[in-house]
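Heads up: the protein sequence lines correspond to chains Z, X and L, in order. Using the working numbering, the final residue of the first sequence is 753, and nothing's skipped along the way. Using the working numbering, the final residue of the second sequence is 374, and nothing's skipped along the way. Using the working numbering, the final residue of the third sequence is 1098, and nothing's skipped along the way.
You may find that some hints are simply not true.
DEER-style ranges, computed between Cβ atoms [what the hints assert, rightly or not]:
{"id": "1", "chain 1": "X", "residue 1": "Tyr358", "chain 2": "Z", "residue 2": "Ala437", "range": "52 to 58 Å"}
{"id": "2", "chain 1": "Z", "residue 1": "Lys742", "chain 2": "X", "residue 2": "Leu197", "range": "53 to 59 Å"}
{"id": "3", "chain 1": "X", "residue 1": "Ile226", "chain 2": "Z", "residue 2": "Thr439", "range": "56 to 62 Å"}
{"id": "4", "chain 1": "L", "residue 1": "Tyr1077", "chain 2": "X", "residue 2": "Leu107", "range": "35 to 41 Å"}
{"id": "5", "chain 1": "L", "residue 1": "Val815", "chain 2": "X", "residue 2": "Pro264", "range": "21 to 27 Å"}
{"id": "6", "chain 1": "X", "residue 1": "Tyr358", "chain 2": "Z", "residue 2": "Gly444", "range": "55 to 61 Å"}
Restricting the straight-line Cα-Cα distance to at most 35 Å, the calculated cross-link-like pairs of lysine-lysine (DSBU-like) are [claimed, not checked]:
{"id": "7", "chain 1": "Z", "residue 1": "Lys487", "chain 2": "Z", "residue 2": "Lys510"}
{"id": "8", "chain 1": "Z", "residue 1": "Lys736", "chain 2": "Z", "residue 2": "Lys689"}
{"id": "9", "chain 1": "X", "residue 1": "Lys373", "chain 2": "Z", "residue 2": "Lys395"}
{"id": "10", "chain 1": "L", "residue 1": "Lys851", "chain 2": "X", "residue 2": "Lys373"}
{"id": "11", "chain 1": "L", "residue 1": "Lys898", "chain 2": "Z", "residue 2": "Lys512"}
{"id": "12", "chain 1": "X", "residue 1": "Lys284", "chain 2": "Z", "residue 2": "Lys512"}
Simulated from the structure, these hints should not be mistaken for laboratory data. All C-beta atoms, glycine included, are put in the ideal place defined by N, C-alpha and C.
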Amino acid sequence: MTLALEKIVKAFKKDVVLDGVSLSVGRGETLVLFGPSGAGKTVLLRLIAGVIEPDAGTIMIKGRDMEGVEPEDRGIGMAFQNFALFPHMDATENIAAPLTARNMNKTAITETVGKIARMLKIDHVLHHKPKELSNGQKQRTALARALAGEPDILLLDDPLRNVDAKLRFEMRLELPRLLKDQNATVIYVTQDYKEAMALGDRIAVMNARGIEQTGTPEEIYLTPANIEIARLFGDPVINLLDVSPVQVEGGVFITLSGVPVNIDAGYSDMVGRDCIIGIRPEAIRFVEEGSAEAIPLTIEAETPLNEKTVTLGLTQNGREIMVSRPAGTPGPSQGTGYIVIDANHIHLFDRATGKRIVPVKTQAAGSQGVAP
Amino acid sequence: MNTISPFETVLRGIAITLVILFFMFPIFWIVLMSFQTNATILQVPPSIFFEPTLQNYRGLITGQLVTDTSSLEIRFMSNLFNSLFLSTASVAVGLMLGVPAAYAFARLKFRGSEDIAFTLLSFRFAPPLLVLLPLTIYFQQLGLANTYGGLIWVYQLIVLPLILWIVRGYFEDIPADIEYAYRIAGHRWWTTFRKIALPLAGPGIAAAALLAFIFAWNNFVFALVLASADKQPVTVGALAFITASGVQYGQIAAGIILSIAPTFALALYAQRYLVEGLSLGAVKG
Amino acid sequence: MSDATHSGFPKRRFKVSRRMLPYVLSLPALLVCIGILIPFVTAVLYSLQRYRLSQPWARKWNWGENYWNFLSDDSFWNTLKVSMTYAFTTVGIELLLGLGIALLLQKRTKFNNFVSIMLLMPLMTAPALAALMWKLMTNPGFGILSYFAGLLGFEDFNWASDPQTAMLTVVIVDVWVYTPFIMILLLAGLRSLPQQPFEAAALDGVPRWFVFYRITLPMLTPFLLTAVLFRMIESIQQFDIIYAMTQGGPGDALTVFQVEAYLNFFQSTNVGRSAALMMILWAITYFLSNIFIKNWLRLRERQRGEA
Chain Z
382 MTLALEKIVK AFKKDVVLDG VSLSVGRGET LVLFGPSGAG KTVLLRLIAG
432 VIEPDAGTIM IKGRDMEGVE PEDRGIGMAF QNFALFPHMD ATENIAAPLT
482 ARNMNKTAIT ETVGKIARML KIDHVLHHKP KELSNGQKQR TALARALAGE
532 PDILLLDDPL RNVDAKLRFE MRLELPRLLK DQNATVIYVT QDYKEAMALG
582 DRIAVMNARG IEQTGTPEEI YLTPANIEIA RLFGDPVINL LDVSPVQVEG
632 GVFITLSGVP VNIDAGYSDM VGRDCIIGIR PEAIRFVEEG SAEAIPLTIE
682 AETPLNEKTV TLGLTQNGRE IMVSRPAGTP GPSQGTGYIV IDANHIHLFD
732 RATGKRIVPV KTQAAGSQGV AP
Chain X
90 MNTISPFETV LRGIAITLVI LFFMFPIFWI VLMSFQTNAT ILQVPPSIFF
140 EPTLQNYRGL ITGQLVTDTS SLEIRFMSNL FNSLFLSTAS VAVGLMLGVP
190 AAYAFARLKF RGSEDIAFTL LSFRFAPPLL VLLPLTIYFQ QLGLANTYGG
240 LIWVYQLIVL PLILWIVRGY FEDIPADIEY AYRIAGHRWW TTFRKIALPL
290 AGPGIAAAAL LAFIFAWNNF VFALVLASAD KQPVTVGALA FITASGVQYG
340 QIAAGIILSI APTFALALYA QRYLVEGLSL GAVKG
Chain L
792 MSDATHSGFP KRRFKVSRRM LPYVLSLPAL LVCIGILIPF VTAVLYSLQR
842 YRLSQPWARK WNWGENYWNF LSDDSFWNTL KVSMTYAFTT VGIELLLGLG
892 IALLLQKRTK FNNFVSIMLL MPLMTAPALA ALMWKLMTNP GFGILSYFAG
942 LLGFEDFNWA SDPQTAMLTV VIVDVWVYTP FIMILLLAGL RSLPQQPFEA
992 AALDGVPRWF VFYRITLPML TPFLLTAVLF RMIESIQQFD IIYAMTQGGP
1042 GDALTVFQVE AYLNFFQSTN VGRSAALMMI LWAITYFLSN IFIKNWLRLR
1092 ERQRGEA
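Input sequences plus hints: build the corresponding full structure.
Listed below in structure tokens is the structure:
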């Protein structure tokens, strides 16, 4: 492990921000810290960087305990959300900061800065002071500065937060390649789930309680640990409906608009209990009236969302369901529509705890088609 | 908007004129006196028309006061030098002591830091003689009496709180992330302090230094109590000068003008920071 | 960065230096503090002693006697009266005048800025030198102000050398020097006030006196308090102007606290009484400065917050 955090505790005055957070990141891996503001993501980065100290717990970098090790001795590069450029230095001097720290000679510095600047397309503004740079240029300068020292660990604190949408889109495409080229271990903080999915080898989902789930983007999306995470990933947001599964011969069912929907038999433990079912809008399909297991839906509204069309419908007892389909594919825009639900993409959560119920693997479940 | 009546405009004009008259006239009149001989000064009624002379200034600068009847040695230039030296050295010492402390108070909030900062501030408000009177006795014992070193130390009473509180505000205005970024880039604390914190707080440090200089220059009581004639600044020297030079009023006026000119010049130069300095960093001008 | 860059230093050293750094940085300033605190403690001790420099053999503890004696000491009550009169008169006049001038100069015009900078000149004059300037102007022989007084019918108007007018004279000098202080602070305050309430009041046709009492003054209060308290603390301790002008005279007309303590120490060499006087002055200023610092901090927070 390049970086390992063990039971980190950090409080400011009486406000406990991190309470026993553990995390490890492998060499060359990009870990995205994803979560709402106030979850302590930035604090975690600062602890790793060594500009603040934990109240308890250990931080290991390349197997070495970082307690008492100054920030300059940790081999870290960091890009700040607010860029934190040195206002009295031009872009060149800003980017060269990690190089001057090592007494590198002038020609080598110029060469290295030039190379990085070309890569990030800011070579034409190298002699500008930060206040003469656009936000996008500032962001690239900050990134260049973090990269210039070729650090073992790169900490990126929501670097795209303060740039415009177009640049953010471009950088989202560009960054993964850039980070792979660096071959550095990266911790990337963001509040944007698309950024998290696009950039992360793994994602650690954080909230005020700490890290709730760690996994690959697919794992997080397909098997969210709880309702909150299920909600945070996906646009349009996942459908969540109160249900209470029933056991009928042939499997476990829930009822929508009076139509029984067969779910994984592994959920049999939850029969009769208060649950919430989560169905991704794209796991629902419109079908012709009269199809098997079709659930009637009163269509309320239809809106385009990027390359998708989102339909909002009501079940018989007035519960809202959103259905997402690729734009241009057929579907009802008013009146009554009929849907079927892909049983593989149904999540069941415990209503009391919000946790996802992992279906128990059963013999019989095989025939029902269990989610992988 | 409420319109301003012509009557009010006239009233305002009169008020402003009176204000300017009251505050500017003394300076104007002393300047006039400084270019006059005793004969024209003593003329009744006083007149603003006279033949200006530079003899007062010449006398002060050469240190020889030649009158019709006698020749008198005056040490005004050495007072001026003392003022310059004491103020400059006090500010230099104050900066060396105050700037690092201001940084510690602004950035590295530590236990007891606020208490110490406020103790320093409270010196600004304590009666100076409270400390000065016992100090005269200590200074005798320590051999600091009538030394530049002793005076410069005591001058820290006025210089240090000023520098500390103004510069602290400037350090607080630098985002901590900027310094963190430099540290993370691989620079030691000391390098970061010199290359990032100091340059960014530069204008504040300059302003504090200029103001501290003005306050040190204008101080009277410290040197009155602790310095003998050879170490006295102009504020104390001018007082002694009045009795020494007897009736040479033109000389006294010229001495006053030479003594206040440096602070006027600095104040004009640093006017942007005056409000901030005078309120010890509370109000930005 | 390679491992080599961050090895070779024992960890302990960093640990210690990081914890100690703030203390190391503030230690020199702290030492100066302590150097000042020692004489302060000494002053407290002196105030509890019978101590005359002229009679060192008679030095002994007399505990509260120096203070106790004040109760029946007319010259102490005179000192208190003179100091209070001086402080309240100067600060009162300076506040009214300073506020008036600040209101006159409120608009940001070139002329107003020029005037406000010019008016700072008296404040930049050393108070002791300012006293000398006025001494020259009130000289009974050739002083221009004595001449004007004569023109107005005040023959033999003796300014500072007459017990009747000595207070008036030093108050004028104090007002001349320090009114600009209050003016410049209030001017900064007035110019930093938000504009909306004034615009709204103007649109509604609210009378100007009403706007002044109900909007301007309340919003200006923190600045007024800071300026007034600051001046009060300094004024009650005034030494330079009075000493340079009359050395406390004529008679005991101007023996304010610090002047009285100075004369006690250097002329009567009564160290004990002098120290006790200073302690009482210190108690008064301590009380005032506590209120001041609270206000000053609030203002500082607010102003920095807006900046």
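Hints, one by one, checked against the model:
Distance hint for X/Tyr358 and Z/Ala437: a CB-CB separation of about 53 Å, consistent with the stated range 52 to 58 Å. Roughly 57 Å separates the CB atoms of Z/Lys742 and X/Leu197, a value that falls within the hinted 53 to 59 Å. A hinted range of 56 to 62 Å for the beta carbons of X/Ile226 and Z/Thr439 is consistent with their spacing of about 58 Å. Taking the beta carbon of each, L/Tyr1077 and X/Leu107 are about 38 Å apart, inside 35 to 41 Å as hinted.
With their beta carbons about 24 Å apart, L/Val815 and X/Pro264 fall inside the hinted range of 21 to 27 Å. Separation of X/Tyr358 from Z/Gly444 is about 58 Å and conforms to the stated range, judged on CB atoms against 55 to 61 Å. With a C-alpha separation of about 20 Å, the suggested pair Z/Lys487 and Z/Lys510 falls inside the 35 Å cut-off, and the hint holds. This hinted pair checks out: Z/Lys736 and Z/Lys689 have alpha carbons roughly 29 Å apart, not beyond 35 Å.
Restraint check: the Cα-Cα separation between X/Lys373 and Z/Lys395 comes to about 33 Å, which is no more than 35 Å; the hinted pair holds. A C-alpha spacing of about 52 Å is found between L/Lys851 and X/Lys373, which places the hinted pair above 35 Å, so the restraint is violated. At roughly 31 Å between alpha-carbon atoms, L/Lys898 and Z/Lys512 fall within 35 Å of each other, so this suggested pair holds. A threshold of 35 Å between alpha carbons decides the hint, and for X/Lys284 with Z/Lys512 the separation of about 18 Å falls inside it, so the pair holds.
Comparing the model with each numbered hint stated earlier shows that hint 10 is the single one that does not hold.
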